[in-house]
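These protein sequence lines map, in sequence, to chains A and B. Heads up, the first sequence is in the numbering used here, so the first residue is 991 and it goes up one at a time. Heads up, the second sequence is in the numbering used here, so the first residue is 991 and it goes up one at a time.
Just so you know, the hints here were simulated from the structure itself, not pulled from any lab data. Among the hints, erroneous ones may be present.
Which copy is meant is left open, so a pair is good if it fits within one copy or across any two.
Claimed, not checked - In silico SDA-like pairs for lysine to any residue, Cα to Cα no more than 25 Å straight-line:
1. Lys1233 <-> Pro1319
2. Lys997 <-> Gly1231
3. Lys1233 <-> Trp1315
4. Lys1175 <-> Trp1315
5. Lys1280 <-> His1096
6. Lys1175 <-> Arg1120
Protein chains: 2
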Amino acid sequence: MPKCIPKDSVGIVAPQLLRFEEPLPLACGRVLPGFELMVETYGRLNEDASNAVLICHALSGNHHAAGYHSEEDRKPGWWDHFIGPGKPIDTERFFVVCPNNLGGCHGSTGPRSINPETGQPWGPDFPPLRVRDWVHSQARLADRLGIRRWAAVIGGSLGGMNAMRWALEYPERVAHCVVIASAMKLSAQNIAFNELARTAIRMDPDFRDGHYLKYGVTPRRGLGLARMIGHVTYLSDRLMGEKFGRELRSGTFARGTDEPVEFQVESYLRYQGNAFAESFDANTYLLITKMLDYFDLAREYDHDPVAAFRHARCRFLVISFSSDWRFSPQRSEEIVDALVAANRDVTYACIESDLGHDAFLLPNARYERVLRTYLADAARRLAEGGP
Amino acid sequence: MPKCIPKDSVGIVAPQLLRFEEPLPLACGRVLPGFELMVETYGRLNEDASNAVLICHALSGNHHAAGYHSEEDRKPGWWDHFIGPGKPIDTERFFVVCPNNLGGCHGSTGPRSINPETGQPWGPDFPPLRVRDWVHSQARLADRLGIRRWAAVIGGSLGGMNAMRWALEYPERVAHCVVIASAMKLSAQNIAFNELARTAIRMDPDFRDGHYLKYGVTPRRGLGLARMIGHVTYLSDRLMGEKFGRELRSGTFARGTDEPVEFQVESYLRYQGNAFAESFDANTYLLITKMLDYFDLAREYDHDPVAAFRHARCRFLVISFSSDWRFSPQRSEEIVDALVAANRDVTYACIESDLGHDAFLLPNARYERVLRTYLADAARRLAEGGP
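Okay, chain A solo, but in the shape it has when bound:
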């Protein structure tokens, strides 16, 4: 619980559930008969609706990006350090919109929701989604809020894929696209790590082929292991070394004892896995990791990212982190190279950090300065009527 709400916080916020009645055709060919999005907004939409920023969350994120849900709330939203009055995504300037993604498990329509055709939760029968489906659902959200064009669409990791897809699907509706610690497509190694996580979930006897809700159980252990696997890959080797070294949590190496030894890093991972398993849905995890694997920015553009980006009309900011080996700087540089070849306006920064992929969520002076400067400049351009 914060002693008091900090002055640079967006304060107490309340999510709202928005219902969209019109059926949504999906990339897979199926049609979602209406859907709901759980959304938080911070700041105020200006008169000409030109200051709206869309925040696209990553795999384990949700709509609660900033502020507190109550005075008793122990922790603020997941990107609170970056969103608020005077912060890099300045709510004095921007109207910030953050939905829980379609297929998610924090209030938006997803595998936990009731399938209107059966009256039962969708579970594993929820349609497979592509990132473009998120974009289309978010376009409906923009319509509902009266936003014709986003001042910026911002996302890290999978959220960066979401942001890039916006720039291609609705070129006229995005002024700036901010792509952080992302990639145009996953590598085989990345797909492999996702498959390990999915295997862990499917292996849990409580998974029941995805029908666990029907049986009143939760595949907590599988989901926990899935998260542990992800977590190891989001941290750098060096950070783990600094954070845990080879410190023991229990046991001893003394000769003459065979009590089990447990390293700090083991219990830390277990804690992370358990906490995640309490709040997340296994079918959502499977669904969204598949979206990550399938994403390939240029697939429909003859596998030519330059041709793909020629459709974009916005300016781009691309950010990577030096120690991120899951979405390495090389992946971001491929995005930059394609943008340059497509003659798009792009700013790129590789931020020195020991924090691995997780760096995109965490405080870092240079990262904040780059984001703040870029967005302040974007606001100035927009105020002058330019992109």
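Assemble chain B onto chain A, guided by the hints.
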């Protein structure tokens, strides 16, 4: 099945089971009431028993390092490319000894063996081992074979830890120590990956707290996932990209279909996991990954590797591989630095390779040349009576 046994093969070989009656005190304080080692040997021990080479296998290895078990054998031993007449570990010159390690599951005493006190398999009650316990059991093996001093002790990965521990525990009994793709201790990230694998095994309902043999079941899925996790970390990102890219094994990305898509890399990993789970023992996997985690070369030397290596009397060859991120070249260089500071004789080579940690098992011209040259030189020195 080989059409014919190649000329540079050690040919048809037969493992032998050696029984050691004298109790073996273990680092944990318990005592193993006698033990058995399954062993293969290639080449001939010379008259003064000065040409014996000990091969220390890694986590998933065994005693079958070279040759074939029958004319119908489809595959030779796991290091056949390196061991044989005229090969880098030349059986015309050396008498090569490769035991399955204590605690293993390929014939040596381990969790699958009968605990003489209960008449039941040890299972999870098998004593926790340290790498030094392997060294002591292998010293008994040397005694039995009439080998006072090894011409060389050679090992990769965990086997390299085994080799280094030999050099410290029995300085007078090792002439040359060859440490390949190894480390003086694991990093927190390495421990984390091992813990993920152990969690997968313990999660399998067929694991039954390690008592699966009693129930006539095998935790195949958990063991398979454990192997999959390991396997991803043994390969480099680049190799996986070259080997699998984003090629599909099933399904299609065409719009208008929601059939599941499976990437090649996913089915490859599943195949590897299943194959391993058929042949390996889950309790052995837990036991040996813990040995890896616990290993810390300098723990008993006031955490000073230089002080530790001052006890060694042998010459060292240290080899690393450029794309190995599980046991990176940096880890090998730490070994080299400590050896140099301890005024030991050391040769070091970092081999260019895209194959990740697995490179230590696979053909590579420069790697073979380094090993061949070093060992030929060692043989010459030994023939001249030097170390």
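| said: Check the structure against each numbered hint from earlier and tell me which ones fail, lowest number first. | reply: Those not satisfied come down to hint 2.
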